[in-house]
Amino acid sequence: MASISIKNLKKAYGTFSVLHGVDLDIADGEFVVLVGPSGCGKSTLLRMIAGLEGVTEGEIQIDGARVNDRHPKDRDIAMVFQSYALYPHMTVAENMSYSLRLRKVAKDVAARAVTAASQKLGLEPFLARRPKALSGGQRQRVAMGRAIVRQPKAFLFDEPLSNLDARLREQMRAEIKKMHADLKATSIYVTHDQIEAMTLADRIVAMHGGVVQQVGSPLDLYDRPANLFVAGFIGSPGMNFLEGRAEKDGIRLRDESFMAMGDVPEHLLGQQVTLGIRPEHVVLDAHGQGMPAHLDLVEPTGFGIILHLTLNGLPLKVFTLDRAVLQAGPMVAVTLAQEHLHLFGPDGSRIGGTSDPAAAA
Amino acid sequence: MSLAGTMGGHTRKPWLKRLADTSEPYLYSAPSLILIVTVMLVPLALGISYAFRDIQLLNPFSGGFIGLDHFRALGEDTAFYRALKNTLWWTGASVFLQFTFGLILALLLDKPFWGRGVVQALVFLPWAVPSFLAGLNWAWLFNPVIGPLPHWFFALGLIDQPTNLLSDPHYAMWGPILANVWWGIPFFAITLLAALQAIPRDLYEAASIDGATGLQRFTSITLPFLAPTIAITVLLRTVWISNFADLIVVMTGGGPADRTQIVASYIFTQAFRRLDFGYASAIALVLLALLMAYSMLIILLRQSLLSKD
Ligand SMILES: Nc1ncnc2c1ncn2[C@@H]1O[C@H](COP(=O)(O)OP(=O)(O)OP(=O)(O)O)[C@@H](O)[C@H]1O
Ligand SMILES: [Mg+2]
Numbered sequence: 001m002a003s004i005s006i007k008n009l010k011k012a013y014g015t016f017s018v019l020h021g022v023d024l025d026i027a028d029g030e031f032v033v034l035v036g037p038s039g040c041g042k043s044t045l046l047r048m049i050a051g052l053e054g055v056t057e058g059e060i061q062i063d064g065a066r067v068n069d070r071h072p073k074d075r076d077i078a079m080v081f082q083s084y085a086l087y088p089h090m091t092v093a094e095n096m097s098y099s100l101r102l103r104k105v106a107k108d109v110a111a112r113a114v115t116a117a118s119q120k121l122g123l124e125p126f127l128a129r130r131p132k133a134l135s136g137g138q139r140q141r142v143a144m145g146r147a148i149v150r151q152p153k154a155f156l157f158d159e160p161l162s163n164l165d166a167r168l169r170e171q172m173r174a175e176i177k178k179m180h181a182d183l184k185a186t187s188i189y190v191t192h193d194q195i196e197a198m199t200l201a202d203r204i205v206a207m208h209g210g211v212v213q214q215v216g217s218p219l220d221l222y223d224r225p226a227n228l229f230v231a232g233f234i235g236s237p238g239m240n241f242l243e244g245r246a247e248k249d250g251i252r253l254r255d256e257s258f259m260a261m262g263d264v265p266e267h268l269l270g271q272q273v274t275l276g277i278r279p280e281h282v283v284l285d286a287h288g289q290g291m292p293a294h295l296d297l298v299e300p301t302g303f304g305i306i307l308h309l310t311l312n313g314l315p316l317k318v319f320t321l322d323r324a325v326l327q328a329g330p331m332v333a334v335t336l337a338q339e340h341l342h343l344f345g346p347d348g349s350r351i352g353g354t355s356d357p358a359a360a361a
Numbered sequence: 001m002s003l004a005g006t007m008g009g010h011t012r013k014p015w016l017k018r019l020a021d022t023s024e025p026y027l028y029s030a031p032s033l034i035l036i037v038t039v040m041l042v043p044l045a046l047g048i049s050y051a052f053r054d055i056q057l058l059n060p061f062s063g064g065f066i067g068l069d070h071f072r073a074l075g076e077d078t079a080f081y082r083a084l085k086n087t088l089w090w091t092g093a094s095v096f097l098q099f100t101f102g103l104i105l106a107l108l109l110d111k112p113f114w115g116r117g118v119v120q121a122l123v124f125l126p127w128a129v130p131s132f133l134a135g136l137n138w139a140w141l142f143n144p145v146i147g148p149l150p151h152w153f154f155a156l157g158l159i160d161q162p163t164n165l166l167s168d169p170h171y172a173m174w175g176p177i178l179a180n181v182w183w184g185i186p187f188f189a190i191t192l193l194a195a196l197q198a199i200p201r202d203l204y205e206a207a208s209i210d211g212a213t214g215l216q217r218f219t220s221i222t223l224p225f226l227a228p229t230i231a232i233t234v235l236l237r238t239v240w241i242s243n244f245a246d247l248i249v250v251m252t253g254g255g256p257a258d259r260t261q262i263v264a265s266y267i268f269t270q271a272f273r274r275l276d277f278g279y280a281s282a283i284a285l286v287l288l289a290l291l292m293a294y295s296m297l298i299i300l301l302r303q304s305l306l307s308k309d
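Just so you know, the sequences run in chain order A and B.
Sequence positions in the first sequence follow UniProt numbering and run 1 to 361.
Sequence positions in the second sequence follow UniProt numbering and run 1 to 309.
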């Protein structure tokens, strides 16, 4: 196992810059998830750590040693590809033992490692088969097995579950989590599925446009998003945003309605700001207390209900577990829980308030 | 009466209709089948029949059926056995060298580098040169009067005097082989490059992460992927090259002293120099049988290779 440290890492393809200086320290045994929209450079970062892409600028260290120019085979890491990349001419057992054979590990030791891994992953019935004769989920397991047999310093996963159906993805997610608890291996996991990110991560790294936006525990990112991008990206249904101008005791929204807030910092007065509130923090009031909003659309998900409202001409999403709203008329009353309001400054970054962990507690 | 008439009509009509129905597909395909048979099978049958007849162009009394006489003569023809041995040597060396250099070239061209498009186009140029022109060209290159090659070989200390390789009884075969290799490399390079480019890149990445060196990646990923292509191209080239007399006819005419005579050029000599078409056909028939046997062998091999996956 190993720690990985990334310092001011940059990547450019010709003149096209993909990563603009990434700094990241990953502790031994930590499970870090990289999330971000498509094309933000997650795979590029992962492949640079693996040694499959050259480093344009900056430094990658594994266990304190600079590995920028080290060949992938000498970095002692394992990677699970989105396409699995299983060797089609080898059986499942041969696929899993390939790295051990290359390292000239004794035959019986290798056989034991393969047996142990295949037991863990339920692959024993398939050991003699070729990848072609396996289902997608089974191939995914083989790819995992190939990674774990040789006990590398770190695991890299590039969207390993994105080709599986929802049910299987859920199951594999739990297995990966169990496996990590078991092996305590340093892992970097790329995904754009935020459920995976939230459930698996010790820490989440949210990326956008080749820049790290925020690093923190899943709940950190959820409760105290550092900027508008993270606030909008994490959470489903996504956070509501209301734009307005900062005034002395609150925010004057676009439609001239006033949203009272505790203390608005002096320097923001008169500036364009954005209020954010998560759908589950909007309170629907059956007794008509609060601001009147028009109910446009109801989406029952089974678990809860998503409501699409119009509040003073602005769209607002609400998430509730209360099925009584299914009978609600076209007009409802809403209150925005003040303690759950997020305030973002003109540059999109978070303003005070609940961003301080002590204040939120 | 009318009842019987309709009954008769009932039984006859379905019968005619059934005949029409069953023969319909054959009728539709008949024109092309007849064409194929006349174009392909009739000449083949005629050619085979020559092998059992005495056909000499300069002998007006020839043409009679002589049974297996040609084959008996062939069995005692030492020139034929020498040609058979030369054919093995010529085909084996040509295919092996063409394949080796073709594979190396394909591997080099598979890597991206500056100006790859131009180099690819240049590499495939020899394939476009007509074989007779290639033969003439190489014959001149080996000629010490006008070609540079003997002088280069001499300068390198490979030969004692700048003489013509093509007239050296021991090494003459290398002349056409060299020309053939030059001419045939592109075929292997093109087909192997196409196969190489179909190999998923992430397999190589997975292997290098698993700890494979370049050579190990080649043996455990590239070769298994190329194997079916290699089998089929080597088969095709072997058959072509063993039948391919153009270069030899142009460069050496089978000489010196039959040292470069292969079966295909021997057939050519028998047919167009001695004008003995019957005997030439008999030799051709033997060559055909040998090549068929060889092809069956390779196809069986390939099928057993493919069914293993
Ligand atoms: N070889 C390349 N040459 C030029 N640009 C590239 C190359 N590889 C990737 N890119 C660009 O780099 C950017 C980041 O790509 P990357 O694959 O890291 O995205 P990603 O975050 O993994 O996205 P996804 O979630 O869709 O997989 C993209 O804009 C992509 O077009
Ligand atoms: Mg990606």
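Just so you know, the hints here were simulated from the structure itself, not pulled from any lab data.
Just so you know, not all the hints are guaranteed correct.
[Stated by the list, open to error] With the Cβ distance kept under 8 angstroms, some of the chain A side facing chain B (calculated, not the full set):
#1 79
#2 98
#3 103
#4 106
#5 107
#6 111
#7 267
[Unchecked claim] Derived SDA-like pairs (lysine to any residue); straight-line CA-CA distance at most 20 angstroms:
#8 A/104 - B/214
#9 A/178 - A/166
#10 A/153 - A/52
#11 B/111 - A/13
#12 B/111 - A/54
Each residue gets a CB set at the ideal place from its N, CA and C atoms; glycine is no exception.
The hints, checked one at a time:
1. 79: holds (5 angstroms)
2. 98: This hint holds: residue 98 of chain A lies near chain B, its Cβ roughly 5 angstroms from the closest one there, short of 8 angstroms.
3. 103: With a closest approach of 6 angstroms, the residue 103 of chain A hint holds.
4. 106: Since the shortest Cβ distance to chain B is 16 angstroms, the answer is violated.
5. 107: violated (17 angstroms)
6. 111: violated (17 angstroms)
7. 267: Cβ of residue 267 of chain A sits 50 angstroms from chain B, so the hint is violated.
8. A/104 - B/214: Within the cut-off at roughly 17 angstroms; holds.
9. A/178 - A/166: holds (19 angstroms)
10. A/153 - A/52: holds (17 angstroms)
11. B/111 - A/13: The hint holds at about 18 angstroms.
12. B/111 - A/54: holds (16 angstroms)
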